[in-house]
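Just so you know, the sequences run in chain order F and P.
For the first sequence, this note's numbering assigns the number 459 to the initial residue and increments by one for each residue that follows.
For the second sequence, this note's numbering assigns the number 147 to the initial residue and increments by one for each residue that follows.
Because the hints were derived from the structure by calculation, they are not lab data.
Cβ atoms here follow ideal geometry from the backbone N, Cα and C, with glycine treated the same way.
Some hints could be false.
[What the hints assert, rightly or not] Sample of chain P residues facing chain F (criterion: CB under 10 Å; computed from the structure): (1) Lys255; (2) Asp735; (3) Gly785.
[What the hints assert, rightly or not] In silico EDC-like links for lysine to aspartate or glutamate, alpha-carbon gap of 20 Å or less: (4) P:Lys252 to F:Asp500; (5) P:Lys679 to P:Glu691; (6) F:Lys718 to P:Glu858; (7) P:Lys855 to F:Glu701; (8) P:Lys861 to F:Glu719; (9) F:Lys465 to F:Glu701; (10) P:Lys781 to F:Glu719; (11) P:Lys429 to P:Glu543; (12) P:Lys328 to P:Asp172.
[Stated by the list, open to error] Example chain F residues on the side facing chain P (calculated, C-beta under 7 Å, incomplete): (13) Asn494; (14) Val639; (15) Ser716; (16) Asp717; (17) Tyr722; (18) Val724.
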Amino acid sequence: MKFIKPKDIENLYDTLDTTEQQYLLAGGTDINVQINNGIIRDPNIIYISHLKELSGIEETNNEILIGSTTSFKDVIESRIIKKYFLLMYNSLQNFASPLIQTSATIGGNIANGSPTADVIPILLALNAKLLICSKSNKREVPLKDFFTGYKKNVMKNNELITKIIINKNAEQKYQTYYQKVGSRNSLAIAKVAVAGIKKVVKEKIIDIKLAVGSLNEYPRRLFKVEEYVTGKRLTEIDFEKVEELLNSEITPISDFRSDKEYRYHVCVNLIRTFLNE
Amino acid sequence: MKCVKKFDAIPKLDGSWKFIDDYSYDDMLHGQLLYSTCHHGYIKKINFPANYNLSEFTMVSPKDITGDNIVPEPVCDQPFMVDKEVMHFGQVIMGIAHPNRKLLLKFIKETKIEYEELPAITDIKECLDNEENHFGKETIIDHRTKKEPKGEWIHHHNVYYTPHQEQAYLEPQGVISVYDPKANSMFVLISAQCPFFVKSGVEAIMGDAVSEVIIESPEGIGGAFGGKEDFPSLFAGISSLLSYKSGKPVKMILERVDDIQITTKRHPARVELDTWTDPITKKIKRCRIDYRIDAGAYQTLSPVVLARGVLHSISGYSVLDTFIRGRLFKSNTPSNGAFRGFGVPQALAAMEAHIDRIAADLNINPYEFRKINLFRIGDEFPTTQKIVEEHLSDCLERVIQKSDYHKKVIEFAEWNKTHKDKKGIGIAIGYHGGGYTGNGEKVLDSEVKVIIDKEAQVKIFVANTDMGQGAHTTLAQMFFEAIEHPREKCWVQLPNTSKTPNSGPTVASRTIYIIGNLLRKFAFQIKDELKFKNLEEYVKTHQNEFPKEFHKKFVPDKSVIFDEDTNVGIAYKDYSWAACVTEILFRADTYKIDLKKNWNVMDVGKVVNEKIAMGQAEGGITQGLAYGLSEFFYKPGFGRANGFTGYTLPTSLDLPEMNIEFIHTDSEIAKGLGEIPMDFPAPSVRNAFHNATGVFVDEYPMIPERLFKALEENK
Chain F
459 MKFIKPKDIE NLYDTLDTTE QQYLLAGGTD INVQINNGII RDPNIIYISH
509 LKELSGIEET NNEILIGSTT SFKDVIESRI IKKYFLLMYN SLQNFASPLI
559 QTSATIGGNI ANGSPTADVI PILLALNAKL LICSKSNKRE VPLKDFFTGY
609 KKNVMKNNEL ITKIIINKNA EQKYQTYYQK VGSRNSLAIA KVAVAGIKKV
659 VKEKIIDIKL AVGSLNEYPR RLFKVEEYVT GKRLTEIDFE KVEELLNSEI
709 TPISDFRSDK EYRYHVCVNL IRTFLNE
Chain P
147 MKCVKKFDAI PKLDGSWKFI DDYSYDDMLH GQLLYSTCHH GYIKKINFPA
197 NYNLSEFTMV SPKDITGDNI VPEPVCDQPF MVDKEVMHFG QVIMGIAHPN
247 RKLLLKFIKE TKIEYEELPA ITDIKECLDN EENHFGKETI IDHRTKKEPK
297 GEWIHHHNVY YTPHQEQAYL EPQGVISVYD PKANSMFVLI SAQCPFFVKS
347 GVEAIMGDAV SEVIIESPEG IGGAFGGKED FPSLFAGISS LLSYKSGKPV
397 KMILERVDDI QITTKRHPAR VELDTWTDPI TKKIKRCRID YRIDAGAYQT
447 LSPVVLARGV LHSISGYSVL DTFIRGRLFK SNTPSNGAFR GFGVPQALAA
497 MEAHIDRIAA DLNINPYEFR KINLFRIGDE FPTTQKIVEE HLSDCLERVI
547 QKSDYHKKVI EFAEWNKTHK DKKGIGIAIG YHGGGYTGNG EKVLDSEVKV
597 IIDKEAQVKI FVANTDMGQG AHTTLAQMFF EAIEHPREKC WVQLPNTSKT
647 PNSGPTVASR TIYIIGNLLR KFAFQIKDEL KFKNLEEYVK THQNEFPKEF
697 HKKFVPDKSV IFDEDTNVGI AYKDYSWAAC VTEILFRADT YKIDLKKNWN
747 VMDVGKVVNE KIAMGQAEGG ITQGLAYGLS EFFYKPGFGR ANGFTGYTLP
797 TSLDLPEMNI EFIHTDSEIA KGLGEIPMDF PAPSVRNAFH NATGVFVDEY
847 PMIPERLFKA LEENK
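With the rest of the complex left out, here is chain F (with noise of 0.2 Å):
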């Protein structure tokens, strides 16, 4: 194993450049426990979580730039966060331990990948975009073309997220939803995860997103449920038809924690709550 640390942004962008098989350290949450088990080895660890650029919360005129590696308990306990953000505020809450609230973080959270990931489908609800960088390039990423299977996601050797960008105006006016199902109230990987936000005028959906966690290889919105529900009345959605969309967005496994059949049957109540609200 060899560890890295940059001494500055600068130096952190020649290491990502120069080094192979690498692995970004923030919070450490998920790679020390990876480390542990066996499942990396032998790796290159590059520490970022001294560096200050990529730490903080910021506002600008339109959106709001969460820094990378931001811990969960600044976004917990950030003003600005619970002023536009209410949805991720009050999810959030329950995330993880003390302990690991104080040290994971929100890039770390959608860079590790994994399809249980709390922070993702609040981000894909709130419709978010990732600021990678490399040395010699810059590009905003939208979190729902961010990913490309399980633990894969379109990003270089060279590059990481710097940060994550949220329109201010992402929730509002919009009716927000979220439930994490997990085994227990706190410290649980979810079973299912559904986010969502929808604008209803005159008791048609004018504009939902939704996204879902933990049924599939990674965290994804479902874009054919939400065209099938957008401009209709709630009297007029077909929720057979909402099921059979369902079916062919998610890919629901058995494992220790759960059963597929469970997962689907909750997935589809949760949505049905969400539009019925």
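For this one, chain F is given, so just place chain P on it according to the hints.
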């Protein structure tokens, strides 16, 4: 009911007290177990990884055993290490030690064992459903009458399953063995409940190779719950053998994953109930119970668990015509062992659910049905032991009143008509016999010792350990309160088998009940003997008599006679009684039970230290509720849990608002308290779920996945 503060609270908080892993010796090695990952088979070859200097390691296998390769237990059938045939996953193959713990763990992880595999039973139902798959001896209670069931009686037949439960003590199993070649002695410091059991274990494996074995408790023991009753004997045997072979102290602390996977658990059970109830009088007239538990690969202490389970399996009901059959079943999984409740939670899981089921069929309220069938003074247990008090009924009446049960039954039914989520309320009762079963306490022949020194300091010597439950505070309190001696002048000493008489193991809710009450009597006896009013003044004026040592043995009540072959007689002299009511909210979208409120009324006799007693009760009730609701260790097709991410202990956010009351506290006797809180809460959740949804679930835990299936099947 004084709340004397736990004397260990501050040193544990400030970190000054040592737990086993805080102790260290010069030149100490770290030991670990190399265990089987095959469930049944023969070892063909052990391949150690390359790139290690094997001469740096100390390894012990059965050929190094200087004594016997059999752990002393109620049934002596379990080897310390695999002899010829691997009988279960997690069976110890070798002990290995090295100066560097990290390197040792890596070495063991990289060691590959080749097996010739044989057919194995690893599934709970595969083990318990197969009639033929049991160990020989059965435990039978035959209280049959010759009457045939009447045609109008309503027959109910159901099978109830309960899973493993992990003790989940905070501190994993840990031991340090120190061999002294000069004295030819073995000193063992161990996080364990029963120092004298460990002594027998180490003596068995060492044989004549050592002339003395001394077992001592560390200052702190981080929980046990039964999990440190029998496994430590095996564990300390292997660390001692490693120390003997290497000539160095050997510390062995299990990693959590190993601790969860290979140490003893609560026995999974299958309880089949047949009852016949008179529809007019609503009395249960006849009962047949088939109580089966999965012992694992070896019997070890399972017969004792079986006996206790069978003895409690009728719950609190008087049924004149009863036949109970108990059997131990075999599987290729680690031997199951002691866990708070010791067979009783499994028994009550079945009977307390069955009662609600009959009540539902007879269209009678579950409380009324219990009240009609509850045993009364003059009734008898299936063992023929007479019922001499109606404190169980008192617990039930009180908890019904406190919880406003009747009003809520109506309110919830009304609320449920207009809500997708459902509210439910459930009752359960339970009891637990204190101390060893039957003649056990006679056999134990417990003894305690007290030394009073020249400063009037009272030192109490008992073999019972304080594993966080507050036993040493309460034991001392029972002594110093009796003679009105200052608290700071009365201490229980850390158990050490060379200084402490054998007052028996720290199990079976016996520590306060047997040893505490004994110490209280002993205090009065010493006061009478020395004829003092104030011990401090007496010692001041009689300096030449001190230090003085006093011994006292427990004298069992002669009227307590129990025939262990026929299970007739008095199984336990004193019983603790309890009843509870639990309110739930069942979430329709997620099929999840939220525990809302939980009332418990218990009679544990005299409450010595109310805060400690409350702590015991809250902890036990929490374990009990989670047993019914969320904890599972094994899932068919997906194997065994390997940590607390998979093994879902509840957090404080999962617990209900809990209300606990002790009644009949004016008793002279402090009865058993350790286990009863674990026994009875789970069935109340199951019954509340039935109240909420009209659906019965025959298996624990009531995880949402199981409830989802049950509701789908009932559609």
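For each hint, the structure was consulted:
{"no.": "1", "hint": "Lys255", "result": "holds (7 Å)"}
{"no.": "2", "hint": "Asp735", "result": "holds (4 Å)"}
{"no.": "3", "hint": "Gly785", "result": "holds (7 Å)"}
{"no.": "4", "hint": "P:Lys252 to F:Asp500", "result": "holds (14 Å)"}
{"no.": "5", "hint": "P:Lys679 to P:Glu691", "result": "holds (17 Å)"}
{"no.": "6", "hint": "F:Lys718 to P:Glu858", "result": "holds (14 Å)"}
{"no.": "7", "hint": "P:Lys855 to F:Glu701", "result": "holds (19 Å)"}
{"no.": "8", "hint": "P:Lys861 to F:Glu719", "result": "holds (16 Å)"}
{"no.": "9", "hint": "F:Lys465 to F:Glu701", "result": "violated (52 Å)"}
{"no.": "10", "hint": "P:Lys781 to F:Glu719", "result": "holds (16 Å)"}
{"no.": "11", "hint": "P:Lys429 to P:Glu543", "result": "holds (19 Å)"}
{"no.": "12", "hint": "P:Lys328 to P:Asp172", "result": "holds (17 Å)"}
{"no.": "13", "hint": "Asn494", "result": "violated (10 Å)"}
{"no.": "14", "hint": "Val639", "result": "holds (5 Å)"}
{"no.": "15", "hint": "Ser716", "result": "holds (6 Å)"}
{"no.": "16", "hint": "Asp717", "result": "holds (5 Å)"}
{"no.": "17", "hint": "Tyr722", "result": "violated (10 Å)"}
{"no.": "18", "hint": "Val724", "result": "holds (6 Å)"}
Comparing the model with each numbered hint stated earlier shows that hints 9, 13 and 17 do not hold.
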